[in-house]
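Protein chains: 4
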Amino acid sequence: MIQVGARSMYNDALLAAVGRAGRPIMLKRAMAASIEELLAAADFIAANGNSDVILCERGIRTYGRITRNTCDLAGVAALNLLTRLPVLVDPSHSTGQRVLVPPVSRAAVAVGADGLLVEMHPEPRRALSDGLQSLTFDEFHEMMRSLEPYIDLRRQERVATAT
Amino acid sequence: MIQVGARSMYNDALLAAVGRAGRPIMLKRAMAASIEELLAAADFIAANGNSDVILCERGIRTYGRITRNTCDLAGVAALNLLTRLPVLVDPSHSTGQRVLVPPVSRAAVAVGADGLLVEMHPEPRRALSDGLQSLTFDEFHEMMRSLEPYIDLRRQERVATAT
Amino acid sequence: MIQVGARSMYNDALLAAVGRAGRPIMLKRAMAASIEELLAAADFIAANGNSDVILCERGIRTYGRITRNTCDLAGVAALNLLTRLPVLVDPSHSTGQRVLVPPVSRAAVAVGADGLLVEMHPEPRRALSDGLQSLTFDEFHEMMRSLEPYIDLRRQERVATAT
Amino acid sequence: MIQVGARSMYNDALLAAVGRAGRPIMLKRAMAASIEELLAAADFIAANGNSDVILCERGIRTYGRITRNTCDLAGVAALNLLTRLPVLVDPSHSTGQRVLVPPVSRAAVAVGADGLLVEMHPEPRRALSDGLQSLTFDEFHEMMRSLEPYIDLRRQERVATAT
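Residue numbers (the working numbering), protein chains in the order written: chain V, 1 to 163; chain H, 1 to 163; chain L, 1 to 163; chain W, 1 to 163.
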């Protein structure tokens with residue numbers, strides 16, 4: 001899979017190129033992009049030949065200072081109504097703080113996200129970047145165990161909706 | 001309970017008065033208030049004699065237009081780390097759209113909210129205000145049924161953490 | 001004159017009271033208030049009996065960190081088209097930095113502001129609050145000298161427009 | 001001159017390429033970029049061989065709806081303190097409204113901008129894009145006449161500062 005980062009969401013030349021790449025694309029929402037602009041970028045990739053696009057909410061830039069960005073989980077719910085494309089949530093960049101990654105991941109699953117993009121590092125203190133928001137492997141496994149019942153719930157709801 | 005609305009969060013005279021009111025206070029976060037300012041307002045009520053304060057996240061004002069406000073659910077998780085006060089989420093004012101209330105309510109429960117503040121109306125089309133974000137009674141009951149397993153999950157986790 | 005601070009712009013009880021006060025009112029824009037909301041607050045004061053209201057732009061809260069707030073000078077120009085009420089600019093709270101007060105004051109005059117609200121302190125380092133944004137008396141006088149030709153220009157333009 | 005648009009400010013490959021282009025570069029601030037990020041992008045161009053960079057403030061995205069964006073004129077004053085690079089203001093994209101272009105242009109000159117980037121069209125109603133913010137040629141000439149005394153004032157101040 002090719003990731004188009006938040007800073008590249010408006011890069012039409014890149015979007016056209018990944019439209020021809022023949023591989024799934026993960027498209028991250030730009031820092032102050034509207035939901036409509038995110039969908040337009042996905043459409044542009046599709047118009048260039050690739051409709052295998054996964055969207056990713058990674059937090060928008062607001063006045064808040066406790067979290068690195070503001071995770072727009074209602075925007076994820078809106079995307080689920082507006083498009084059939086899968087939607088991921090990146091709780092690491094959204095919050096910028098390790099301790100907030102598990103609760104925001106639970107909320108992302110509950111709001112209807114199709115997946116998570118979580119930063120890990122064997123030794124976060126030694127990370128060259130983003131160490132403050134990286135989980136250790138143990139923390140990641142513990143989080144995944146706590147997420148399982150939420151994932152199960154969503155799966156049951158989807159089965160019930162589909163039948 | 002007395003509700004201090006978002007537009008009154010900075011009203012020190014009112015905060016002092018409700019601090020002397022002898023009843024529980026629900027304090028809504030102002031439209032562009034930081035988490036620190038919300039906590040300071042709660043402290044000010046407590047300093048005036050009333051520590052029975054419930055905080056409420058009701059969405060912050062950002063550039064987004066699909067939702068009425070941006071619901072800061074990571075802020076709720078942060079509040080849970082910073083204070084022992086209960087925290088509600090208002091998915092109605094946060095989103096401004098009826099169809100987004102159930103998924104955002106699920107996410108609020110999952111992120112650790114202690115309760116929800118949901119607008120209902122027997123006939124939303126006839127509501128004098130906020131009709132677009134109001135659930136009918138049937139929609140509310142259906143939402144509550146779908147929330148129950150999430151509430152149960154959180155309850156189990158809290159029991160597990162406490163023991 | 002009575003000043004209604006930014007944190008009180010939504011305080012309807014206060015707005016009604018100053019509407020009955022029989023004195024000019026300076027109404028500061030709240031931190032995330034729209035231009036429409038500022039005008040609605042002024043209308044509410046007028047509806048309570050006092051149309052002698054002066055509006056004040058004091059910066060809105062955005063993601064920026066170099067300035068304390070973001071001074072919305074285009075909003076001042078918009079206000080001049082939407083209302084006959086005088087409009088002040090507060091370059092001190094807008095920027096939070098002494099060195100930015102003179103250039104933002106010049107811009108405020110040029111954009112069409114009817115006045116400035118500038119913080120001064122005989123010894124800013126000893127100020128109990130807002131010292132970083134306060135001018136000394138000497139700095140204030142120097143700034144006023146540099147503003148004079150801009151004020152003259154605006155006066156000439158107004159005379160030309162009126163004739 | 002080559003213009004790097006707001007949506008390309010974070011495009012490192014493009015910044016590196018224009019760094020090798022041997023022509024002056026106009027670099028527009030991205031929609032939610034900080035002043036620091038704008039300067040970092042200019043530094044990156046310089047590090048690739050081209051220090052002939054002109055910065056451009058074109059409005060940041062906020063919650064405001066009367067103007068298309070919020071023109072950060074205090075940010076222009078801050079840039080003048082932080083860098084020797086020239087700084088332009090784009091009053092057209094900042095405001096999105098023709099009638100606001102002249103007052104914001106005056107303010108830009110007064111705050112210390114080194115130039116303006118103004119949209120014009122012989123028949124704005126027929127413009128394929130951005131017609132609402134485009135001046136006619138007549139409106140442009142009228143605006144330039146009204147700007148002249150402000151430009152003269154700034155020139156005198158610069159001469160006085162330099163001597």
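Careful: at least some of the hints might be erroneous.
Said to hold, decoys possible - If the Cβ cut is set under 8 angstroms, some of the chain W residues that face chain H in the computed set are: (1) Y63; (2) T83; (3) R84.
Claimed, not checked - Taking beta-carbon pairs under 10 angstroms as the criterion, some of the chain V residues facing chain L (in silico): (4) A32; (5) G64; (6) R65; (7) I66.
Since the hints were derived computationally from the structure, they do not count as laboratory data. The beta carbon of each residue, even a glycine, is placed where N, CA and C say it ideally should be.
Verification of the hints:
| no. | hint | in the structure |
| --- | --- | --- |
| 1 | Y63 | 5 angstroms, holds |
| 2 | T83 | 27 angstroms, violated |
| 3 | R84 | 32 angstroms, violated |
| 4 | A32 | 8 angstroms, holds |
| 5 | G64 | 8 angstroms, holds |
| 6 | R65 | 8 angstroms, holds |
| 7 | I66 | 14 angstroms, violated |
Going down the numbered hints, you'll see the structure goes against 2, 3, 7, while the others check out.
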